[in-house]
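Q: When you read off a place in the sequence shown, starting at 1, and then add 1, the result is the number in the working numbering.
Hints were generated in silico from the structure; no laboratory data involved.
Be a bit skeptical, because a hint or two may be false.
[Said to hold, decoys possible] List time: in silico SDA-like cross-link candidates among lysine to any residue, alpha-carbon distance up to 25 Å:
hint	residue 1	residue 2
1	Lys-114	Glu-166
2	Lys-228	Pro-173
3	Lys-228	Glu-183
4	Lys-114	Gln-49
[Said to hold, decoys possible] Derived DEER-like restraints, expressed as beta-carbon distance ranges:
hint	residue 1	residue 2	range
5	Ser-137	Pro-93	48 to 54 Å
6	Pro-93	His-38	39 to 45 Å
7	Gly-50	Ser-140	18 to 24 Å
8	Pro-93	Leu-256	22 to 28 Å
9	Gln-49	Glu-183	31 to 37 Å
10	Ser-110	Ala-58	36 to 42 Å
11	Gly-50	Ser-110	19 to 25 Å
For each residue, glycine too, the CB sits at the ideal point set by N, CA and C.
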Amino acid sequence: MEQIGMILAAKPGEVTAVGTWGKPVAHLAYRVGGGPHLFRANGPVTPQGGLMVIDDAGFSGGGEAGGFCNEVLRECAARKFTGVVCRFLGRPAPVLSEAVGKLGELCRSRGLKFYVSEPYGSAAPSAGVLISTALSGGSLQGRLEAAGESFGAGRLALWIERTAEDFLLPSPNGTGAPLTVEELERRREEHGADVFFSGELCAHYFTYMAGEKGHFVLFDDAGSIRKKLRLAANLGIRTAFLPYETTGDLLGELLG
Numbered sequence: 002m003e004q005i006g007m008i009l010a011a012k013p014g015e016v017t018a019v020g021t022w023g024k025p026v027a028h029l030a031y032r033v034g035g036g037p038h039l040f041r042a043n044g045p046v047t048p049q050g051g052l053m054v055i056d057d058a059g060f061s062g063g064g065e066a067g068g069f070c071n072e073v074l075r076e077c078a079a080r081k082f083t084g085v086v087c088r089f090l091g092r093p094a095p096v097l098s099e100a101v102g103k104l105g106e107l108c109r110s111r112g113l114k115f116y117v118s119e120p121y122g123s124a125a126p127s128a129g130v131l132i133s134t135a136l137s138g139g140s141l142q143g144r145l146e147a148a149g150e151s152f153g154a155g156r157l158a159l160w161i162e163r164t165a166e167d168f169l170l171p172s173p174n175g176t177g178a179p180l181t182v183e184e185l186e187r188r189r190e191e192h193g194a195d196v197f198f199s200g201e202l203c204a205h206y207f208t209y210m211a212g213e214k215g216h217f218v219l220f221d222d223a224g225s226i227r228k229k230l231r232l233a234a235n236l237g238i239r240t241a242f243l244p245y246e247t248t249g250d251l252l253g254e255l256l257g
């Protein structure tokens with residue numbers, strides 16, 4: 002995978018293990034809280050270098066953006082971070098839109114990389130935009146091409162979501178029950194299912210019957226993730242984030 006640069010996203014307790022792979026680390030150790038203010042998770046490893054990842058879990062909105070931006074920049078200086086990732090997944094909040102706009106300019110002036118989640122892509126015109134690979138329908142290529150038309154392919158960065166879901170057919174809401182690696186393998190063996198590959202979803206799947214109910218199981222392995230990365234590279238995307246929690250057991254095949 003020399004065409005696309007890979008960054009390993011790690012929680013505090015995973016940083017030591019991630020360091021053995023020799024790839025840049027994105028530290029999943031920060032969140033934006035009331036104020037808004039920057040909060041850091043407690044963990045066994047104090048991050049140094051790499052990128053800081055900030056999530057918005059539980060953020061209720063409101064406040065002024067300026068103070069939060071200053072806190073982020075101070076933390077970057079103290080921890081020698083080379084960039085910031087605002088992975089805000091909740092409903093877009095005006096104060097966070099203002100914050101990512103300011104941070105985008107501040108990071109650019111300081112030579113720091115800056116990435117935002119897709120809903121905030123237009124608020125920070127110079128930022129990289131995170132595009133999740135999670136799909137339950139449609140086409141991954143179509144999804145990436147549409148994002149490229151909206152933001153420019155050169156701004157996109159892939160966020161690998163390793164899929165393992167069991168969908169009841171017909172699926173009432175387009176979401177499936179998440180499966181662990183062990184549950185996935187057990188379900189496949191129990192039903193003697195033949196596995197197929199969906200070029201549209203860029204993932205593996207199989208079907209089975211439980212009583213009168215049909216099930217559709219969609220999942221990723223190293224092979225399907227490699228194909229996602231190759232597709233992204235062919236479309237001009239040059240960066241991908243791999244969460245260690247869900248892809249750590251595949252890194253030998255992906256990076257070896």
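Q: Taking the hints in turn, state whether each one holds.
A: So, going through the hints one by one against the coordinates:
1. Lys-114 x Glu-166: Violated, at about 33 Å.
2. Lys-228 x Pro-173: Not OK: Lys-228 and Pro-173 at ~29 Å, beyond 25 Å, violated.
3. Lys-228 x Glu-183: holds, 23 Å
4. Lys-114 x Gln-49: Holds: Lys-114 and Gln-49 sit about 16 Å apart, inside 25 Å.
5. Ser-137 x Pro-93: 48 to 54 Å: Check failed, 22 Å falls outside 48 to 54 Å.
6. Pro-93 x His-38: 39 to 45 Å: Cβ of Pro-93 to Cβ of His-38: about 19 Å, so the range 39 to 45 Å is violated.
7. Gly-50 x Ser-140: 18 to 24 Å: Given range 18 to 24 Å: violated, Cβ gap about 37 Å.
8. Pro-93 x Leu-256: 22 to 28 Å: Cβ of Pro-93 to Cβ of Leu-256: about 34 Å, so the range 22 to 28 Å is violated.
9. Gln-49 x Glu-183: 31 to 37 Å: Hint holds: Cβ distance 35 Å, inside 31 to 37 Å.
10. Ser-110 x Ala-58: 36 to 42 Å: violated, 29 Å
11. Gly-50 x Ser-110: 19 to 25 Å: holds, 20 Å
In this structure, the earlier hints numbered 1, 2, 5, 6, 7, 8, 10 are contradicted, and the remaining ones agree with it.
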